[in-house]
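Let the sequences and hints guide you as you build the complete structure.
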Amino acid sequence: MNYQELFPFPQERCEEADISLAHTVHQWGEAELASKRLELKEDYSRLIEPAMRKLLVDIGLQKILWPESFGGSAQNAPEIALPLTLALEQIGWADVGIGYVFASTFALCTTFAMEGNVQEKLVQAYAPLFCQSGQPVIGALILPSLKGKDSQDGPSFRGKALQARANQDKQAWTIEGRNMRPFNSGSNAQLFGVLCGIDGESDPAFFVVSGDAAGIKRKDVFLKTGLAASLNSDVDFDKVIVPPENLVFRGLQPFRAMLSWLYLGISATTVGSLFAAYDILKEWGDNRVIKGRGQVFKENPLTAALMAEIAMDILTSRMLLYQLAQMLAQPEVYGGAGEEKVFIPALCLATYITHAGEKAINSTMELMASAGYAKEWQLERYWRDVKTLQIHLGNRELNKMEIARYFYDCKNLEGGI
Amino acid sequence: MRTIDDFTRPKEYLSPLDEYLGRIVREWAEKEVIPYRRKFDEDWKDHHIIEPAFRKLMGEMGMQRVLFPEDLGGWGLGHSNYLGTAAYRLFEEISRADSAMGVAFGVVFWPLILICCEPHVNRRLCEEFAPMFCETKEAVFAANAMTEPQGGSDIENLDVLGGSTIQTTAVLDGDEWVINGHKLWPTNSGGAASLFSVVCTTNPGSRDLKDFAVIFVPANTPGCTQGSPYEKAGMAADKNGDIWFENVRVPSWYRAFGPGEDFVYFLEMVSLGNMGSISFVSGSMLNVYEKLQEFVNTQYFRGKPLKEHDAVAGVLADFARDLEVIRIIGYQCARMLDRPDIYGPRWSHENVAKARAYKYFACDKAVENLGRVMNLLETYGSDRDWDIEKHWRDLKIVQLWLGGKQLAQMEVARWFFECETL
Ligand SMILES: Cc1cc2nc3c(=O)[nH]c(=O)nc-3n(C[C@H](O)[C@H](O)[C@H](O)COP(=O)(O)OP(=O)(O)OC[C@H]3O[C@@H](n4cnc5c(N)ncnc54)[C@H](O)[C@@H]3O)c2cc1C
Numbered sequence: 021m022n023y024q025e026l027f028p029f030p031q032e033r034c035e036e037a038d039i040s041l042a043h044t045v046h047q048w049g050e051a052e053l054a055s056k057r058l059e060l061k062e063d064y065s066r067l068i069e070p071a072m073r074k075l076l077v078d079i080g081l082q083k084i085l086w087p088e089s090f091g092g093s094a095q096n097a098p099e100i101a102l103p104l105t106l107a108l109e110q111i112g113w114a115d116v117g118i119g120y121v122f123a124s125t126f127a128l129c130t131t132f133a134m135e136g137n138v139q140e141k142l143v144q145a146y147a148p149l150f151c152q153s154g155q156p157v158i159g160a161l162i163l164p165s166l167k168g169k170d171s172q173d174g175p176s177f178r179g180k181a182l183q184a185r186a187n188q189d190k191q192a193w194t195i196e197g198r199n200m201r202p203f204n205s206g207s208n209a210q211l212f213g214v215l216c217g218i219d220g221e222s223d224p225a226f227f228v229v230s231g232d233a234a235g236i237k238r239k240d241v242f243l244k245t246g247l248a249a250s251l252n253s254d255v256d257f258d259k260v261i262v263p264p265e266n267l268v269f270r271g272l273q274p275f276r277a278m279l280s281w282l283y284l285g286i287s288a289t290t291v292g293s294l295f296a297a298y299d300i301l302k303e304w305g306d307n308r309v310i311k312g313r314g315q316v317f318k319e320n321p322l323t324a325a326l327m328a329e330i331a332m333d334i335l336t337s338r339m340l341l342y343q344l345a346q347m348l349a350q351p352e353v354y355g356g357a358g359e360e361k362v363f364i365p366a367l368c369l370a371t372y373i374t375h376a377g378e379k380a381i382n383s384t385m386e387l388m389a390s391a392g393y394a395k396e397w398q399l400e401r402y403w404r405d406v407k408t409l410q411i412h413l414g415n416r417e418l419n420k421m422e423i424a425r426y427f428y429d430c431k432n433l434e435g436g437i
Numbered sequence: 002m003r004t005i006d007d008f009t010r011p012k013e014y015l016s017p018l019d020e021y022l023g024r025i026v027r028e029w030a031e032k033e034v035i036p037y038r039r040k041f042d043e044d045w046k047d048h049h050i051i052e053p054a055f056r057k058l059m060g061e062m063g064m065q066r067v068l069f070p071e072d073l074g075g076w077g078l079g080h081s082n083y084l085g086t087a088a089y090r091l092f093e094e095i096s097r098a099d100s101a102m103g104v105a106f107g108v109v110f111w112p113l114i115l116i117c118c119e120p121h122v123n124r125r126l127c128e129e130f131a132p133m134f135c136e137t138k139e140a141v142f143a144a145n146a147m148t149e150p151q152g153g154s155d156i157e158n159l160d161v162l163g164g165s166t167i168q169t170t171a172v173l174d175g176d177e178w179v180i181n182g183h184k185l186w187p188t189n190s191g192g193a194a195s196l197f198s199v200v201c202t203t204n205p206g207s208r209d210l211k212d213f214a215v216i217f218v219p220a221n222t223p224g225c226t227q228g229s230p231y232e233k234a235g236m237a238a239d240k241n242g243d244i245w246f247e248n249v250r251v252p253s254w255y256r257a258f259g260p261g262e263d264f265v266y267f268l269e270m271v272s273l274g275n276m277g278s279i280s281f282v283s284g285s286m287l288n289v290y291e292k293l294q295e296f297v298n299t300q301y302f303r304g305k306p307l308k309e310h311d312a313v314a315g316v317l318a319d320f321a322r323d324l325e326v327i328r329i330i331g332y333q334c335a336r337m338l339d340r341p342d343i344y345g346p347r348w349s350h351e352n353v354a355k356a357r358a359y360k361y362f363a364c365d366k367a368v369e370n371l372g373r374v375m376n377l378l379e380t381y382g383s384d385r386d387w388d389i390e391k392h393w394r395d396l397k398i399v400q401l402w403l404g405g406k407q408l409a410q411m412e413v414a415r416w417f418f419e420c421e422t423l
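Chains as they are written, first to last, in my numbering: chain A, 21 to 437; chain B, 2 to 423.
No lab work stands behind these hints, which were simulated from the structure alone.
On a predicted model such as this, the values are computed, not experimentally measured, just so you know.
One should not assume that every hint holds.
Simulated DEER-style distance windows between Cβ atoms [what the hints assert, rightly or not]:
hint	chain 1	residue 1	chain 2	residue 2	range
1	A	Glu59	B	Tyr37	23 to 33 Å
2	A	Lys74	B	Arg27	17 to 27 Å
3	A	His43	B	Phe417	49 to 59 Å
4	B	Gly206	A	Glu59	30 to 40 Å
5	A	Tyr428	B	Glu309	20 to 30 Å
6	B	Glu309	A	Glu359	27 to 37 Å
7	A	Gly168	B	Asp6	56 to 66 Å
8	A	Ala325	B	Arg27	35 to 45 Å
9	B	Glu28	A	Cys430	16 to 26 Å
10	A	Tyr428	B	Asp342	53 to 63 Å
11	A	Leu243	B	Gly63	26 to 36 Å
Think of the CB as a built atom: it goes at the ideal place given N, C-alpha and C, for glycine as much as any other residue.
Okay, here's the thing in structure tokens:
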């Protein structure tokens, strides 16, 4: 039995075509990544970029949200949550970083291309990039962050520093920000989504900014723990001028709607990586002999107990993941993605799933000892990636403030989101 | 502001060398390692950047000589009552800068403990190998070759398997041992080591611990080859690879002691290896504390430094609590190995089991805490420039080596609960 059968998901809610898309993505992962990994490791230009191109352009995953008139597949209704989840699981299985970059780009685009949010001018401006350019398109998010003392004079949002400010002059907006740390891909994103403070206004505004806008300065790609597909760097916006239609939204609720989609993406990618860890551990458990020549690894009660816990973590995480997907897919039942009654559960579930993912891969490595730590066995990459992915949910203790406030009606707590 | 020196150590039994060692190694770390360590990961294979720091510490400052008797050019630590506590301080200070350097250096001690330490000094082997370490300014590495392809834990699982799975064989031919076998993963393999202690059997498949042998093999002995290093998740300053022994011949007196005794003193290596592992953990965590201090003091939330947020402070408290406890346990472990007159031989089952218990406690806590700390830093948590992620990657393997956590659990349960069939 493979993991699709072992770890149940609500198949009855998924269309044949969605399952088939996931199957295609799995084959892509095998052909473009799994079979080349040992040789190419995490080489961006030789492995990751070509694989992204195949997935996003040739298979066409980056076209899903956009209207057919531009060559897109016009799947911009909330029901996209289920096929998106199925596909992201498979991307995560193959490469967590690609999953994350795709999920972030998707979340950014929901703000102006998702049904209910559609902003025609922006769709017309950006749909061709996604559907006709023949390039993989990456969107980077620049969101509120912990910053140093000097940032305290600048704009803030729910306790965290807004990394940029926007000012309107005549019609156009000018955006300024120094040493901004994007969530992903600062060095090569073609699109930025930036939450900015506006002088004299309490609500921040979210802008979409083209990566080639004058005044954008990208610093060197910095080294980080995982997610090699996200070539991140700090970014300066030096008087970047954007047209008025690039102001996508103001305020908390649409911001949270975007985050709910991001949380879904992070959760699905994490669950996909757990399938990969499961595959690796299964092979190890079937073949590794311990305690002399007598015992196959999986037959040892102590290690089997830990393997059972890992399986429980994967199973529960997948169940919860699909619950989150269904919540986002059915706003008429659960409420909109930005409403607190959806956003807070989304945050809870993503926190739970990424935590379970960290724990399960940590334990898997424990069971594989040095093999788990060696590049050759591949597990260590998932271990680094899943941890790096998890911290993109933000400071967990601060996030808990949002959760506690919602469930217990606390009056003075803020968590930055 | 509080510093790492505010974490408690049992001052009443520190080594007389403690202050001196701590000071010179900290100076070395600040000057030779910390400014460069962010580039170490990419240097895993060649050690172009890493090597000069080792040379300074081990060759020029002479730390690779400390165990040898003074009349052979050493510092006589093997004859002292401070083997454990002095080594702990050394390893901890090095690991504060880079735990892989702590490991690579610590493992130089491993084979040498067998021959340099009271009450079982092998004077002839000390004389044989002292020049290699004491008469040079170059860094010279030793390695303990134990793990084999079919299972490292089994080799250490001596109570149950009695060495019966060891495939590396030693056959006495006249006055020479002829060694054949394949080892993998030893720290300082991958081309680094000049001297190996090789765990082998004189009677394959035997459970008789008299057949368990530890034999010294200089790396340049004909028939001994090292493969190139493996690429790992972290610990770049420690090279690990394959070693093949093909009809390797060494004099018969290169065996550490003899039937029965090799096994006994090998257990001492296990208890010291576990103590060393705790020092790598506490050393790394001390540096994480420093970096964390910097982060939570300088990064703001709601107009205040992050540390002033009660929920964040809860995590900071847990981190400090665990580091405090780990360090005290580590020094307690070192003390137990310093004073066999009080705590019994370093190789006793009791000391081995307790050292394993302390080690796996320290490692589990470190993995848990560093994971939480990375979360506090948000996207900076995975940033090489904040150094914490490096410690997180490096420390994970400390939890896994020396037979893995599960073997440690079995040995601890067996000793404390007198289990008979585990
Ligand atoms: C950086 C680094 C440094 C190292 N340094 C050295 C060194 O200096 N010298 C050296 O010889 N080796 C060294 N090693 C190897 C290391 O000590 C071994 O990898 C470790 O002992 C486990 O052996 P293994 O990897 O073969 O795993 P296995 O023996 O296959 O064990 C894998 C897992 O099986 C389980 N297991 C094993 N036995 C039992 C049991 N009896 N009961 C229940 N569960 C069990 C545990 O979960 C264990 O983690 C090093 C490895 C690394 C990565």
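Could you say whether the range 26 to 36 Å given as a hint is met by the Cβ separation of Leu243/A and Gly63/B?
Between Leu243/A and Gly63/B, where Cβ atoms are some 34 Å apart, the hint holds.
With respect to the beta-carbon atoms only, verify the hint that Lys74/A and Arg27/B lie 17 to 27 Å apart.
violated (51 Å)
His43/A versus Phe417/B beta-carbon gap, inside 49 to 59 Å or not:
holds (52 Å)
Whether the CB-CB distance between Glu59/A and Tyr37/B falls inside 23 to 33 Å
Once the Cβ atoms are compared, 30 Å apart, the range 23 to 33 Å for Tyr37/B and Glu59/A holds.
In this structure, is the beta-carbon distance linking Glu309/B and Glu359/A contained in 27 to 37 Å?
holds (31 Å)
Holds or violated: the 20 to 30 Å window for the beta-carbon distance between Tyr428/A and Glu309/B?
This hint holds: roughly 22 Å between Cβ atoms.
CB of Tyr428/A to CB of Asp342/B, is that within 53 to 63 Å?
Roughly 58 Å apart at Cβ, these two residues keep to the hinted range, so it holds.
Are Ala325/A and Arg27/B spaced within 35 to 45 Å by their CB atoms?
Since the Cβ atoms of Ala325/A and Arg27/B sit about 43 Å apart, the hinted range of 35 to 45 Å holds.
Has the hinted range 16 to 26 Å been met by the Cβ atoms of Glu28/B and Cys430/A?
violated (49 Å)
Beta-carbon spacing of Gly168/A to Asp6/B - inside the hinted bounds 56 to 66 Å or not
The hint (56 to 66 Å, Cβ to Cβ) is violated, given that Gly168/A and Asp6/B are roughly 26 Å apart.
The hint says 30 to 40 Å between Gly206/B and Glu59/A; measuring C-beta to C-beta, is that right?
holds (39 Å)
Of the numbered hints stated above, those contradicted by the structure are hints 2, 7, 9, listed in ascending order.
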